[in-house]
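Chains as they are written, first to last, in our numbering: chain A, 1 to 246; chain B, 247 to 592.
Hint data in this document are derived by calculation from the structure and do not stem from the laboratory.
One should not assume that every hint holds.
Stated by the list, open to error - Cut-off 25 angstroms, straight-line C-alpha distance, at most; resulting in silico cross-link-like pairs (DSS-like, lysine-lysine): (1) A:Lys149 x A:Lys87; (2) B:Lys434 x A:Lys151; (3) A:Lys41 x B:Lys520; (4) A:Lys149 x B:Lys520; (5) B:Lys520 x A:Lys145; (6) A:Lys87 x B:Lys511; (7) A:Lys18 x B:Lys475; (8) B:Lys434 x A:Lys22; (9) B:Lys581 x A:Lys18; (10) A:Lys151 x B:Lys475; (11) A:Lys112 x B:Lys434.
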Amino acid sequence: MTKVILIDDEPLAREVIKAYLKYFDDIEVVQECGDGFEGVKAIQQHQPDLIFLDIQMPKINGFEMLELVDAKPSVIFITAYDSYAIKAFEANAVDYLLKPVSEERFREAVLKWKSKVSPTAPQRMESVLNTMSATAAQQNRIVVKTGSKVKIIPVHDIQYIEADDDFVKIHTPEGAFLKNKTMNFYEQSLDPAQFVRVHRSYIIHINQITKIEPYQKETHLAILRDGTKIAVSKTGYVKLKTLLGI
Amino acid sequence: MDSRLSRRIKRASPIVGSVVIWGCFQTWLLNQWFGVELNLSAYDALISVNWIVLSCALLELIISRYTPKTSKYQFVFGLSLVVAWGCYWLSYQTLEILDKLNVDYTLFFQRSYPIRVGANFLIACGWSMTLLFRKQVKELEESASHQVATEALVKEAELQKLQLQLQPHFLFNSLNSINALILVQPSKAREMVQQLSDFLRATLRRADEQWITLAQEVTYLQLYLSIEKVRFGHRLEVRMNLDEQIQLWLIPPLLLQPLVENAIKFGLYGTTDKVVIDLHTQREGDSLSIEISNPFDEDMQPVEGSGFGLSGLRRRLYLLYSRNDLLTIRMEENKFIVRLILPEKY
């Protein structure tokens, strides 16, 4: 039996999918979720083979939800018209359905998924997520998971971001949070007027800086409001100087 | 046609009058002052007046067709100088051709050269200055009226565009709900098709209207809410508290609905709990006050700062009332409250 989870905040939208899925004997809907938080939990609990995912949902959107899931299942996105998202899907051949969803189109999508063992190559999904969550970061928030809880970090709360192996560590007054993204991603998606990559391993929020001191030859130390000292490379120092106008 | 002709006569009569007076004056001057015999004085005066009138006509032709953008006064000055000298020379030639010049009179004519050219110059100069001034006034009036017309057009187009911002998301999601209802509750589906049609029809009708009553807008709002209830009935509750006294006040159409739509959107997507929207209208002196509140979760970022998706509405209010202070937003105990003040329609 194929396990499926439906994630959409409108009960009627889930009804349509359920009704369409009756056509397939071998698919079982293990859970329905009304928002992304439930979605994350349900996916961890049931390890579904396929999820149907709405994009516009309460508090965190479909893309942000997917970012929080470690073992990502196959996804068929369902959305009302949004040209930007659709461009991201089409560019990466990730399947999506437009509301109102037609039964033919729906069957086609499911059959396409069935015919391939792994429908959407993971890196393609990653690429869609990068495009879409970059817009979320521009909308001033980053969603992270701490234990079983989901935390939404407003961008202005970020003190600095530190590289940590394959992850980045986002430092806030409430502590540090790990996120499965790259330094380059944040360097590009965060507002360049507020965040500077001062070092291979550091991006700092410029309003956190209280002092900049010379350190070893050609390098500097930035001292943040809470006393943290951060290494500033030669090129990082040049960037800082131009941004601060000194 | 007749009236145009009479207007032309009216306009031309002072000019004709002054030409006749100038001719008579010149004749009298030559005859009485310089002792030239009357016959010759009249000839001389007639010829020089004739040339100066023709020159003035030429000046009008030139100035109406062309004036340089810069240094137009120098242009007019130079032109008048040429005309003044030309008239003198032409008058002399004409008198000679008509064989009216004897030796004495030739000498007299040549001696009066500075006076004749000076007088001609003054006339030409005065005339072209008048023309220039008239032309400038006309241009100014034209550009002013053109600007007013353009501004009105732009304003109207902008208002229409702001008014008719129907959310495509809303339409597609509603169609999706109808699609679902057809499967699970066909009678409810028919009902929703009806509601959606009524709503769309009202939206299109509203776009043509300038002012509607508050009661009309509330009816329209209820149509909209009935659709949203089908989609989000499990989470959404709207409470209305309306002041009965002001139901017949006139307000711009499609003002309340976008506000409520916005509150619902931010309520539904800003929290995961039940969403209660409060709508409260009341009279405040000479104004109508409308307050709409929606719940808001504190750990959510206000999307796009304080803009809150209301910039279009703000712009519309500015275009309608020329005021920027009619829409205010405040936060109170996890609630976002949008307050709209509408001055009485004058």
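Original post:
Looking back at the hints listed earlier, which ones does the structure fail to meet?
Top reply: 1, 2, 9, 10, 11
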